[in-house]
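Since chain A is already given, all that's left is putting chain B on it; use the hints.
Protein chains: 2
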Amino acid sequence: MERDIIGRIRFGGGVKLSFLDEFEWIKRLTKDKQSIAVQQACGVQTGIGDDAAVAYMSSGHQLVMTCDTMTEEIHFKSITMRDKDIGYKAMAAAVSDIAAMGAMPRYALVSISFPRHADPLRIEAIYEGLYECANRWSVMIVGGDTTSSVNGMTISVTVIGEVQAGKALLRSAAKHGDIVFVTGELGCSAAGLDFLLRQELPSGQWGHSGKPEIERLIQAHGRPDPQIEAGLLLQSSGVCHALNDVSDGLASEAWEIAEASGVGIDLIEDRIPIAEELMAYAQEVEKDPLDFILYGGEDYQLIGTMQAEHAVDMQMKFRAAGLQLYIIGYVNMESVGVRLVQSSGYVVPIEKKGYNHF
Amino acid sequence: MERDIIGRIRFGGGVKLSFLDEFEWIKRLTKDKQSIAVQQACGVQTGIGDDAAVAYMSSGHQLVMTCDTMTEEIHFKSITMRDKDIGYKAMAAAVSDIAAMGAMPRYALVSISFPRHADPLRIEAIYEGLYECANRWSVMIVGGDTTSSVNGMTISVTVIGEVQAGKALLRSAAKHGDIVFVTGELGCSAAGLDFLLRQELPSGQWGHSGKPEIERLIQAHGRPDPQIEAGLLLQSSGVCHALNDVSDGLASEAWEIAEASGVGIDLIEDRIPIAEELMAYAQEVEKDPLDFILYGGEDYQLIGTMQAEHAVDMQMKFRAAGLQLYIIGYVNMESVGVRLVQSSGYVVPIEKKGYNHF
Chain A
1 MERDIIGRIR FGGGVKLSFL DEFEWIKRLT KDKQSIAVQQ ACGVQTGIGD DAAVAYMSSG
61 HQLVMTCDTM TEEIHFKSIT MRDKDIGYKA MAAAVSDIAA MGAMPRYALV SISFPRHADP
121 LRIEAIYEGL YECANRWSVM IVGGDTTSSV NGMTISVTVI GEVQAGKALL RSAAKHGDIV
181 FVTGELGCSA AGLDFLLRQE LPSGQWGHSG KPEIERLIQA HGRPDPQIEA GLLLQSSGVC
241 HALNDVSDGL ASEAWEIAEA SGVGIDLIED RIPIAEELMA YAQEVEKDPL DFILYGGEDY
301 QLIGTMQAEH AVDMQMKFRA AGLQLYIIGY VNMESVGVRL VQSSGYVVPI EKKGYNHF
Chain B
1 MERDIIGRIR FGGGVKLSFL DEFEWIKRLT KDKQSIAVQQ ACGVQTGIGD DAAVAYMSSG
61 HQLVMTCDTM TEEIHFKSIT MRDKDIGYKA MAAAVSDIAA MGAMPRYALV SISFPRHADP
121 LRIEAIYEGL YECANRWSVM IVGGDTTSSV NGMTISVTVI GEVQAGKALL RSAAKHGDIV
181 FVTGELGCSA AGLDFLLRQE LPSGQWGHSG KPEIERLIQA HGRPDPQIEA GLLLQSSGVC
241 HALNDVSDGL ASEAWEIAEA SGVGIDLIED RIPIAEELMA YAQEVEKDPL DFILYGGEDY
301 QLIGTMQAEH AVDMQMKFRA AGLQLYIIGY VNMESVGVRL VQSSGYVVPI EKKGYNHF
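Each protein sequence line maps, in turn, to chains A and B. Number 17 in full-length UniProt numbering belongs to position 17 of the first sequence; there are no gaps in the numbering. Number 17 in full-length UniProt numbering belongs to position 17 of the second sequence; there are no gaps in the numbering.
One chain only, chain A, in its complex shape (with noise of 0.2 Å):
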């Protein structure tokens, strides 16, 4: 709230802070990045500025809700994430959560903490990410919190969205004889972070390598898109039934999706997708690019299940809607877990482990 943000910036804030009158930094942080008319035609009646904010939702929709943390030097540090990406990626990760409920999102309640010496600048930055991600998916920032901490940056975004009532996609819907399908190269996101750190470059300073492939790996890793066509064209399919955002790498999701639903699932390598631009980085680190896949995260496509019968259909659709549907493996009742199905042949156990942050 406005309110909050004055209140706090202005007697929490220090001398670089002080600096800037309270409305003139509200202005600076929120003004113009969303005019009142598009709020009001997005269904807001009140914004930022009251106490709380009071907005519309459809008749017959039911309430989704999320929040998503990135905290600095856990989630990212100053040589892995420009400011803007910040802002614009912890918007995406809470946006995520919402498509992989099959859901539209609609509004967002930022809250960042941020300690006394920061630069001004550097929240004016992640502002702008902020936005950006959210009017791409015609999100309305609706209200917030800024205070100051003593030390490192705290972002949480809040997203309420909304489903057709009783529509929501659960993970824990997964069926035996359904097929599991993923919306996206995954493992991207993981190199690219992997790219960065390599470099060991002194805080603030950015990689950058000059090569066109390994720009879209940085790029994965600091702008990903939230699926929300997918998962809106999966819910009103009527044909899926599991859903999941690929936050913590394929593995941990996979998991997740089967101990929710009580089923195996079982993965066929030869079908998982792998990007070319990961490959050639995976054969540069002499890394296998499964790890990345499996067991890096971020990524933020959707895994889910649907009854076989449907996927080629499904397929076409989504190719018609400019989308990608890759159908990677499969439900069993033999036991509950993931499997590989090794391009050998074998079937190995997949560990449930998931993104390992720094």
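No lab work stands behind these hints: they were computed from the structure. Please read all numbers here as calculations on a predicted model, not as lab measurements. Heads up, the beta-carbon is just placed ideally off N, CA and C, and yes, glycines get one too. Hints are supplied without guarantee of correctness; some may be wrong.
Straight-line Cα separation of at most 27 Å, DSS-like style, residue types lysine-lysine; simulated pairs [what the hints assert, rightly or not]:
1. B/287 to B/175
2. B/352 to B/287
3. A/353 to B/31
4. B/77 to B/353
5. A/352 to A/287
6. A/77 to A/317
7. A/353 to A/175
8. B/31 to A/31
9. B/287 to B/167
10. A/353 to A/77
11. B/211 to B/317
12. B/31 to A/352
13. B/353 to B/287
14. A/31 to B/317
15. B/352 to A/31
16. A/175 to A/317
17. A/167 to B/31
18. A/353 to A/287
For the chain A half of the interface with chain B, some residues (derived, Cβ under 10 Å), not all of them [unchecked claim]:
19. 43
20. 75
21. 78
22. 97
23. 116
24. 118
25. 145
26. 150
Coordinates of chain B only, in the frame set by chain A:
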């Protein structure tokens, strides 16, 4: 979300947290705090455990959304707040923003970041406090995120409520001829904080006065009561215009209404209620109790304006409901701002300043 709690704790967590199995940890924090039956009765279809929560809203209602963040050493220290109180107050502050719109709080999402070396029992106590407050007002905690931080604790609570469409009470709605009211005594929280800070106890120790009147001040600081019933009564009456919660002191909140509504507000010194325990404490520390009231914060009473002719009737309704309503001033059109009509008869401007955190 459960996934996040697992993922982040498991991989971001250090020695102290790692002894806890991931599921055990989630269970400790959230299990049995709000039963499935209670959640369902309160509109939750899918709570903690999927990418996002799914819940119902009342038809014909608008969403009301807010978020409030507290950071360690800025909004609380171990000598000013017990862990359970930190959780209670974090929830109360966000719920109070919903009350200040005349709305009903329904769902909450909690984001906590804490250092890897944090004592898990501290986090559990904070969660207990969060649930204690949430349960008291039937707010369902449907999600959140638990992450590590490099230093210090940050708690961000988002609350989602609802209000009959078009009926939210905005701070911009004060009108000429309105009276100004508050729903309870102010300044006690700031006095309680003042007492605790004066003890100069080592970190982790807790001040006890042995005097019940001081304990009431400490209670006001650690366990504020959001005024939901009062807000709903004001909203349903149809005669209340502007409404705000007193989080930053009476002066700051009155200024917010005055500026948002483009009016002047005169507060009458003799009509501002002063709690006996505040009066006694102020005498003891040789301070003016009005300083705590005007410039202290975090009482979470409501301040608002309503049509003068309905004020007495509303006071009787409040009394019948076991609530308080003090008429402390009036709206004028002379200029935008806030003045104090002193006991002496002098009218002096009130500074537009608010609560000063440590």
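task: Take the C-alpha atoms of residue 31 of chain A and residue 317 of chain B, compute the straight-line distance between them, and say whether it is at most 27 Å.
output: Not OK: residue 31 of chain A and residue 317 of chain B at ~41 Å, beyond 27 Å, violated.
- prompt: Is residue 352 of chain B close enough to residue 31 of chain A, meaning Cα to Cα at most 27 Å?
  reply: holds (23 Å)
- request: Mind checking the CB of residue 78 of chain A against every CB in chain B and telling me if the closest is under 10 Å?
  value: With a closest approach of 13 Å, the residue 78 of chain A hint is violated.
- prompt: Is the Cα-Cα distance between residue 353 of chain B and residue 287 of chain B 27 Å or less?
  reply: Holds. Residue 353 of chain B to residue 287 of chain B sits at ~18 Å (cutoff 27 Å).
query: Do the alpha carbons of residue 287 of chain B and residue 175 of chain B lie within 27 Å of each other, as the hint requires?
result: Not OK: residue 287 of chain B and residue 175 of chain B at ~34 Å, beyond 27 Å, violated.
- prompt: Going straight from one Cα to the other, do residue 352 of chain B and residue 287 of chain B come out at no more than 27 Å?
  reply: holds (20 Å)
- request: Given the hint that residue 353 of chain A pairs with residue 287 of chain A, test it: the Cα-Cα distance must not exceed 27 Å.
  value: Measuring from Cα to Cα gives roughly 18 Å; hence the hint holds.
message: Hinted pair, alpha-carbon criterion (27 Å max): residue 287 of chain B, residue 167 of chain B. Please report holds or violated.
response: Between residue 287 of chain B and residue 167 of chain B the Cα gap is close to 41 Å, so the pair fails against 27 Å, i.e. violated.
task: With a cut-off of 10 Å on the beta carbons, see whether residue 75 of chain A makes it to chain B.
output: For residue 75 of chain A, the interface hint holds, since the closest Cβ of chain B sits about 7 Å away, which is under 10 Å.
query: residue 31 of chain B and residue 352 of chain A: Cα distance at most 27 Å?
result: It holds: about 23 Å lies between the C-alpha atoms, which stays within 27 Å.
- prompt: Taking the closest Cβ pair, is residue 97 of chain A under 10 Å from chain B?
  reply: holds (4 Å)
message: Can you confirm whether the C-alpha distance between residue 353 of chain A and residue 175 of chain A stays at or below 27 Å?
response: holds (23 Å)
In terms of the numbered hints stated before, the structure departs from hints 1, 6, 8, 9, 11, 14, 21, 24, listed from lowest to highest.
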